[in-house]
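Novice: Chain residues, written in single-letter form:
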Amino acid sequence: MKRLAFFISAWACAATMLLGLAGIPTARAQLEVLDENQAPGRTMAQQATKERQIWITADHSRHAILQNEFKSGPEVTKACLSCHELAAGQFHKTIHWTWLDPNVPAGERIGKAGHSINNFCINLNGNEPRCTSCHAGYGWRDSSFNFNDEAAVDCLVCHEQTGTYKKFPTGAGHPVQTPTVFKGNNKTYNPPDWNKVAQSVGRPTRTNCGTCHFYGGGGDGVKHGDIDSSLAKPNKALDVHMGLDGQDFDCVRCHTTTLHNIAGRTYATPAATSRKSLIEDDLASKIMCESCHSSTPHKPGIKANDHTDKVACQSCHIPEFARVNATKMAWDWSKAGQKKDGKPYAAKGPHGKPSYDSKKGEFRWEKDVKPAYFWFNGAINAITARDTIDPSQPVAINWPAGSRDDENARIFPFKVHEGKQPYDKINKTLLIPKLFGPKGSGAYWAEYDWKKALDKGMQAAGLSFSGEYDFVETSYVFPITHMVAPKENVVACIECHSTEGRLASLAGFYMPGRDDFKTINVFGWILVLGTLVAVTFHGLGRVISSSRKEG
Amino acid sequence: MTGKKMVNTYLYTRYERFWHWLQTALITILLVTGFEVDGLYTLLGYKMAVEVHNFVGLGWLIAFAFFVFWLLTTGEWKQYVPTTKKMFTVIHYYMLGIFRGDPHPVPKRKEAKHNPLQRIAYLSVAMFLLPVQMISGFLYWSYNSWAAWGLDWLSLPVVAAIHILGAFGVLSFLVGHIYMTTTGHTIFAHIRAMITGWEEIPEGVELEDWEKRRRKGRQAADSEAPSA
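Chains as they are written, first to last, in the working numbering: chain U, 1 to 551; chain B, 1 to 228.
Read the hints as simulated data drawn from the structure, not as lab findings.
All values reported here derive from a predicted model rather than from experimental measurement.
A couple of the hints might just be wrong.
BS3-like mimics (lysine-lysine), calculated; alpha carbons at most 30 angstroms apart, straight line [as the list claims (entries may be wrong)]: (1) B:Lys78 x B:Lys113; (2) U:Lys439 x U:Lys452; (3) U:Lys236 x B:Lys47; (4) U:Lys78 x U:Lys196; (5) B:Lys47 x U:Lys299; (6) B:Lys47 x U:Lys303; (7) U:Lys183 x U:Lys367; (8) U:Lys420 x U:Lys451; (9) U:Lys370 x B:Lys47; (10) U:Lys420 x U:Lys348; (11) U:Lys112 x U:Lys451; (12) U:Lys166 x U:Lys353; (13) B:Lys47 x U:Lys367; (14) U:Lys276 x B:Lys47; (15) U:Lys428 x U:Lys359; (16) U:Lys78 x U:Lys166; (17) U:Lys310 x B:Lys47; (18) U:Lys367 x U:Lys335; (19) U:Lys487 x B:Lys47; (20) U:Lys452 x U:Lys339; (21) U:Lys518 x B:Lys47.
If we strip away everything but chain U, and leave its shape as in the complex, we get (with noise of 0.2 angstroms):
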């Protein structure tokens, strides 16, 4: 009997191993590497963008219709649009042009110019002048602008090169006709050379996009933390495939266009809904880093390759974002209307950065920033000004979709944004300030006065407020997925394999490293210590009884 079971468990054992023989090379098949000292998914996304080449038929320089003289923007366009007939047609159906996410029915007011706020400056109703000199339009002055308008469509902020075309901060989108300071920052803006700057026009670059990109928020750096001017010309060790000194990439390069739609996630629409590579699908777009790079990029048999099914590649390769300027991380709106000498004021923090400002508030910017990791789907959920807050915590205006076991969700990086703003007492909804406007506009900014500011605001939404208001933490969240670092500068497996590591607040499931089994942790001490202990006194036993022989 018992050499049958000695039998039995032996070639059980030997069993057991030769299947893990066998398995290996099944769980390991991955690309066949071509250059032995580059990772294949490097290998791929270098063959899927090599063609720079972009060649073109057209020298807009010498269309007939561009050597016209324009005194306006929408002059510009018309003539653009004499040539390009479909062009405004397609770009009105964009969420450039509406500012409300295209992927929800336009009654449920998803997006900038509907009720979906933030606690930067909150929202756009009301303060549609000074917000719109980011819109890729003309005129947008308040709700009454005609979004059918074709003429109204702003070809130039996104196509122009020559680098001169600047709208006015408050101009609701347009240039200015004569040399005028702004206020804001004491900078002269110039009216455009419109033949120059309509003959220059091209694919967007970096700095067409930056225009409003780089700035959202109001300033450098302000809201995203991975996207700021520092992006217009960077090197590669701030963005490996941005970098001048690198690939060179604009941002069009990933965020592909069709028919003026720009590759990219809109609220809880994901920027992709597959995993696909071009291998899989040559027509998809090259929004994800898998698209070019494949879901197993480093070399067979590393282990990273095992974690791109629950880690996003963004969270390992952006070890900090905002690494050359600073971004905003909280603003405390509840601190502004402080004045000097009765007269509002400004000072500047660290980094540079204004630190308070009696226009807005509070702030505090970081440089080198770790982010915060959460499971993300791709999606992000968030409430609007309609919807009802708990205000005895934190508020979280926004958050990521996905968790633990939703297999399309990763761990992926985010910038926090700390916020204190306004909201109703007696309805429980974060409320909208009319901030922009002139003197008897009821604006925050110019009369200080918050009663009036989230009167005249929350009627510009078509809201109601109740007259009583107070001051509430809330929190925004931005995906981080620019400033790709190198990969000598990836993190290290020990920030997140660790107790007090960047995953330390994710729970949900085991991580080496992070994770331990304390009953087990005790119990096998007890046993190695207390094998320890008994040999020790064994071992003392026998010298004792054999030095007293010996005596």
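With chain U fixed as given, assemble chain B onto it according to the hints.
Specialist: Same frame as chain U, but now just chain B:
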């Protein structure tokens, strides 16, 4: 050992010694890197510790297959067949006799290298503890293939917990085992034997019946003519 003449005997073959020390090295490396991966300390760096642990662990798995083959083909597996005979005598010896300088009740023999206590200890280590470590370790390593292998009902924390518990078992065995090497007629006698293969054992000690494990066909003949 009083009065008895000691004879130098060749106890451990080259492969046995090689396997013993290879396994010593592999287990030591696995313990050191394993506890680093578990977060106990930083030595090699997390990435290196994981890579070394995986490489050595898989290497051990393959080497162990050769050991099992050796056991089966040489008949050496008989050395591990457990017995209760003289078990209490041996326990008694280690609890009392050893302090009085009594001779070991079950001296080593080429045909019976292990006393009853060793038999049960080594058998549980080789048949239970080490396989548990190998299987749990292999599963741990193949975590990403579980779904493809239809093993997604497994739980990583459970596999990890078993593996860590086993590691404590191995470490505890190591402590006891190293101490026991000092209990020969000299402190280093056992270690010397495991290095050179030769150990001094008392002359003229007979193999007892339970220490011989014959093949079935031979048992009849044996019973008629007991070995001298």
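Novice: Against each hint, give a clear statement of whether it holds in the structure.
Specialist: These are the hints, each one checked on the structure:
no. : hint                : verdict
1   : B:Lys78 x B:Lys113  : 10 angstroms, holds
2   : U:Lys439 x U:Lys452 : 12 angstroms, holds
3   : U:Lys236 x B:Lys47  : 25 angstroms, holds
4   : U:Lys78 x U:Lys196  : 16 angstroms, holds
5   : B:Lys47 x U:Lys299  : 15 angstroms, holds
6   : B:Lys47 x U:Lys303  : 9 angstroms, holds
7   : U:Lys183 x U:Lys367 : 27 angstroms, holds
8   : U:Lys420 x U:Lys451 : 16 angstroms, holds
9   : U:Lys370 x B:Lys47  : 21 angstroms, holds
10  : U:Lys420 x U:Lys348 : 20 angstroms, holds
11  : U:Lys112 x U:Lys451 : 22 angstroms, holds
12  : U:Lys166 x U:Lys353 : 23 angstroms, holds
13  : B:Lys47 x U:Lys367  : 28 angstroms, holds
14  : U:Lys276 x B:Lys47  : 29 angstroms, holds
15  : U:Lys428 x U:Lys359 : 24 angstroms, holds
16  : U:Lys78 x U:Lys166  : 19 angstroms, holds
17  : U:Lys310 x B:Lys47  : 18 angstroms, holds
18  : U:Lys367 x U:Lys335 : 23 angstroms, holds
19  : U:Lys487 x B:Lys47  : 15 angstroms, holds
20  : U:Lys452 x U:Lys339 : 19 angstroms, holds
21  : U:Lys518 x B:Lys47  : 24 angstroms, holds
When held up to the earlier numbered hints, the structure conflicts with none and fits them all.
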